[in-house]
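Trainee: Sequence:
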Amino acid sequence: MSRKASKKKPTKKKVPAKKQVAEIEEEEEVLDEERSALSPARLVRLLFRPKVLLILAVGITVWFFSQKLKDQLPDLAEQEQYQIETRSLSLIPAPPHYVPIDLVDQVIKRNQLPEKVSLLDRDLVIKVAEAFQKHPWVQKVVSVRKTSTVEVELQFRKPAAMVEFKQRLLPVDNAGVLLPPEDFSVSDARRYPVITGVESVPAGPPGNAWGDVTVTGAAQLAEALSPHWKELEIVAIAAPPRLSEASTLDDLIFRLITAGGSEIVWGRSPKSQRRGELRVDQKIGKLEKYHRDYGGFDRPHGPYEIDIRHWQEISRRPLRQQSHRRTLMRR
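Per this note's numbering, the sequence shown starts with residue 25, numbered consecutively.
Simulated from the structure, these hints should not be mistaken for laboratory data. Be aware that one or more of the hints could be misleading.
Simulated restraints on C-beta separations [as the list claims (entries may be wrong)]:
hint, residue 1, residue 2, range
1, R215, G284, 32 to 40 Å
2, K164, R215, 20 to 28 Å
3, S224, S339, 40 to 48 Å
4, T272, Q157, 27 to 35 Å
In this text, a Cβ means the ideal position worked out from N, Cα and C, and glycines have one as well.
Could you build the full structure based on these sequences and the hints that come with them?
Mentor: Shown next as structure tokens:
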């Protein structure tokens with residue numbers, strides 16, 4: 025007869041009932057103590073202890089007398105040694121010749137700034153920066169620094185061309201932003217090429233973009249050609265009519281008008297992304313070679329229509345003849 029080994033099950037230790045009751049009573053006592061510590065009566069007793077009352081009294085007294093002292097002390101911001109005349113703001117770099125010399129006065133008047141400002145004014149830098157940024161001649165406020173005065177570093181807009189508009193010439197920069205016309209004399213306006221054929225009106229006052237991609241493209245072209253206007257005797261940029269409101273720079277073909285009346289088919293704006301378009305330096309090189317070889321764009325029997333858009337040739341035809349025959353000339 026085989027004997028089977030009997031396995032004993034592990035028995036749990038029983039905690040005496042009296043011990044369990046004692047532990048529960050201890051936990052309840054702890055909770056009661058925590059509740060009593062946070063009770064209003066307990067807090068009142070703590071607050072009215074002599075040390076606590078003394079600390080509170082000293083704190084209130086110090087605060088009260090500091091406010092009184094602050095009211096009695098002079099406002100340093102009003103002291104003469106901390107104030108400067110607003111007109112003495114220092115512009116860095118000095119404005120170029122085409123920017124009006126009274127630019128600071130204009131900024132003060134436009135923004136109703138006081139005659140004097142305090143160097144201790146915490147908002148002075150922000151106020152000055154915002155005031156200059158609103159001026160149409162200022163492209164960007166780079167920085168405003170307080171030293172013995174206030175130094176304002178600016179980037180100015182640069183005029184690129186004059187837009188022919190309702191028998192007037194309106195100046196724009198290289199991005200087509202309208203500049204203040206009153207800052208240009210008749211002789212000043214003649215220094216810049218004229219953009220003709222613009223049919224739109226400015227979208228806003230000076231300091232805002234014209235709002236027409238035609239003006240933008242023509243202004244970009246004027247800036248690219250600015251070092252070569254006089255030597256090439258170019259006087260105007262003929263802007264093409266926009267076929268639709270959705271027209272882009274890639275859709276516009278610009279022409280250059282010479283002093284003798286010839287028209288040079290330039291092509292698209294320098295910022296155009298159209299594949300196959302010659303670079304600006306390539307087109308300028310073709311213009312310079314043509315002008316050098318023939319002594320001008322109107323000789324010998326001009327004026328001509330001269331097309332420089334081809335990769336290998338320059339084509340031309342007389343403008344006064346109806347013939348569409350073109351003469352091809354190798355570079």
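Trainee: Measuring from beta carbon to beta carbon, are K164 and R215 in 20 to 28 Å?
Mentor: Holds - the Cβ-Cβ distance for K164 and R215, about 24 Å, lies within 20 to 28 Å.
Trainee: Between S224 and S339, is the Cβ distance one that fits in 40 to 48 Å?
Mentor: violated, 31 Å
Trainee: Tell me if the beta carbons of T272 and Q157 are separated by a distance inside 27 to 35 Å.
Mentor: holds, 29 Å
Trainee: Cβ-Cβ distance between R215 and G284: within 32 to 40 Å?
Mentor: 20 Å Cβ-Cβ, so the 32 to 40 Å window is violated.
When held up to the earlier numbered hints, the structure conflicts with 1, 3 and fits the remainder.
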